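Novice: Each chain, written out:
There are 2 protein chains.
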Amino acid sequence: MSKKIAGPEIERLVQLLARLPGLGPRSARKAALALIKRRQDLLLPLADAIKTAVEKIVECPQCGNVDTVSPCTICRDERRDPSLIVVVEEVGDLWALERAQVVNARYHVLGGHLSPLDGIGPDKLNIGSLVGRAHSDDVKEVLLALNATVEGQSTAHYITGELARANVIVSRLAQGVPIGGELDYLDEGTLAAAIKSRRQV
Amino acid sequence: MSKKIAGPEIERLVQLLARLPGLGPRSARKAALALIKRRQDLLLPLADAIKTAVEKIVECPQCGNVDTVSPCTICRDERRDPSLIVVVEEVGDLWALERAQVVNARYHVLGGHLSPLDGIGPDKLNIGSLVGRAHSDDVKEVLLALNATVEGQSTAHYITGELARANVIVSRLAQGVPIGGELDYLDEGTLAAAIKSRRQV
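Here the protein sequences line up with chains A and B, keeping their order.
So that you can map any letter, position 112 of the first sequence is 113 in the numbering used here, and since no number is skipped, the others follow by simple counting.
So that you can map any letter, position 187 of the second sequence is 188 in the numbering used here, and since no number is skipped, the others follow by simple counting.
If we strip away everything but chain A, and leave its shape as in the complex, we get (with noise of 0.2 Å):
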């Protein structure tokens, strides 16, 4: 708003929301409106929400993951394989996999891929203490669950040196066609690791 139309606390609640991925200028006045005439079921319930954030939300000192609770809910399950570490890059790859249920294990969230011309190196990742877990005797194997794109994968790279040392078994995910995928669609790289990876049926 080019004019001063209304105080600069409507306009400084709608600069904050264009912040949050997904949302553009347009979409955070929308929410920003959203809020203000729904007060009693939306603001006061976010503000709520937002306040608890700030006072809860922790990282957790072993795996990097989120939580109100430090060690956070899944590195204090017991009923989960202590043998396998499974590598994100960030904490919404973890949702990810929870959600689909497929594998019962501990986590590790690296904060991100490697990326040097962001000045990104090791140093940035949760790498370090990735190598320590990977040097305890309960873990056998350490699943690098990385993004499929040139950064994940050289991350990838990356920390299976590292963990040479160490007496695990370093894996990743398999690569090939997606559930539902169409090969008409699909990129020359996809394909080319779907006939390369080839399963006898």
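In short, the hints are calculated from the structure, not lab data.
Treat each hint with caution, since some may be false.
A pair counts as met if it fits within one copy or between any two copies, since identical chains are not told apart.
Straight-line C-alpha distance at most 20 Å; calculated EDC-like pairs for lysine to aspartate or glutamate [unchecked claim]: (1) LYS38 / GLU91; (2) LYS125 / GLU152; (3) LYS52 / ASP185; (4) LYS197 / GLU183; (5) LYS52 / GLU10; (6) LYS125 / ASP94; (7) LYS38 / ASP49; (8) LYS31 / GLU10; (9) LYS141 / ASP78; (10) LYS38 / GLU12; (11) LYS52 / ASP42; (12) LYS31 / GLU99.
All values derive from a computational prediction rather than experimental measurement.
Based on these hints, arrange chain B on the given structure of chain A.
Specialist: Coordinates of chain B only, in the frame set by chain A:
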């Protein structure tokens, strides 16, 4: 997250963010993670902005706009033309007109449009107060800047009837081809309106 992988506080934050317009479950999770990760430059300022919104933002008793002062900044602005009231459905429409900087008048926010099927009759909208304002000696014109939808136009029709006994000109926005619009992509209604209201060059 079907399995318990974190305290309920994070899940609650995600659920509330997902209620904002424009954020689905997936982008709400991304937004929550961004908030948690960017504590200093995003979470704390947003917590503060929302707290301020809870405490300070009120609806203008005169025009229905939202602001931190009452009456709102626009109603207080002495440099605005007192003879024209621009009627809009929502505060977002008011913001859109102010961004365009095309009118220097005061507004009247209805709070929606008539929608009998949803139980929204004239008594649910700020129509009575509009009629009151239109009877003021200062006011010469009421511009119905409502959406060019069936609901917006039937609301405009109803308000025109209510303003019949006030000594004001009732006007509406022009309809036609939007700037940059390609005829091939326009609907029949727009083309019909553009032909009907054609102007000599």
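Novice: It remains to establish, for every hint, whether it holds in the given structure.
Specialist: Okay, the hints, checked on the actual structure:
Taking the shortest alpha-carbon separations for LYS38 and GLU91, only the inter-copy value of 10 Å comes in at or below 20 Å, while the best intra-copy value is 34 Å. Taking identical chains as interchangeable, the C-alpha atoms of LYS125 and GLU152 lie at most 20 Å apart only when both belong to the same chain, with a minimum of 14 Å there against 55 Å between chains. In this assembly of identical chains, the alpha carbons of LYS52 and ASP185 never lie at most 20 Å apart, being 48 Å within a copy and 51 Å across copies at closest. Taking the shortest Cα distances, LYS197 and GLU183 sit within 20 Å of each other inside one copy (18 Å), while across copies they are farther apart (49 Å).
For the homomeric pair LYS52 and GLU10, the shortest alpha-carbon distances inside one copy (18 Å) and between copies (10 Å) are both at most 20 Å. Taking the shortest Cα distances, LYS125 and ASP94 sit within 20 Å of each other inside one copy (18 Å), while across copies they are farther apart (45 Å). Taking CA atoms no more than 20 Å apart as the test, LYS38 paired with ASP49 passes in both settings, with 17 Å inside one copy and 18 Å between copies. In this assembly of identical chains, the alpha carbons of LYS31 and GLU10 lie at most 20 Å apart only when taken from the same copy (16 Å versus 25 Å across copies).
In this homomeric assembly, LYS141 and ASP78 come within 20 Å of each other (Cα to Cα) only inside a single copy, at 18 Å, whereas the closest approach across copies is 71 Å. Taking the shortest alpha-carbon separations for LYS38 and GLU12, only the intra-copy value of 15 Å comes in at or below 20 Å, while the best inter-copy value is 23 Å. Both within a single protomer and between protomers do LYS52 and ASP42 lie at most 20 Å apart by alpha-carbon distance, with minima of 16 Å and 15 Å respectively. Taking CA atoms no more than 20 Å apart as the test, LYS31 paired with GLU99 passes between copies only; the shortest distance there is 15 Å, against 32 Å inside one copy.
The structure is inconsistent with hint 3 alone, although it conforms to all the rest.
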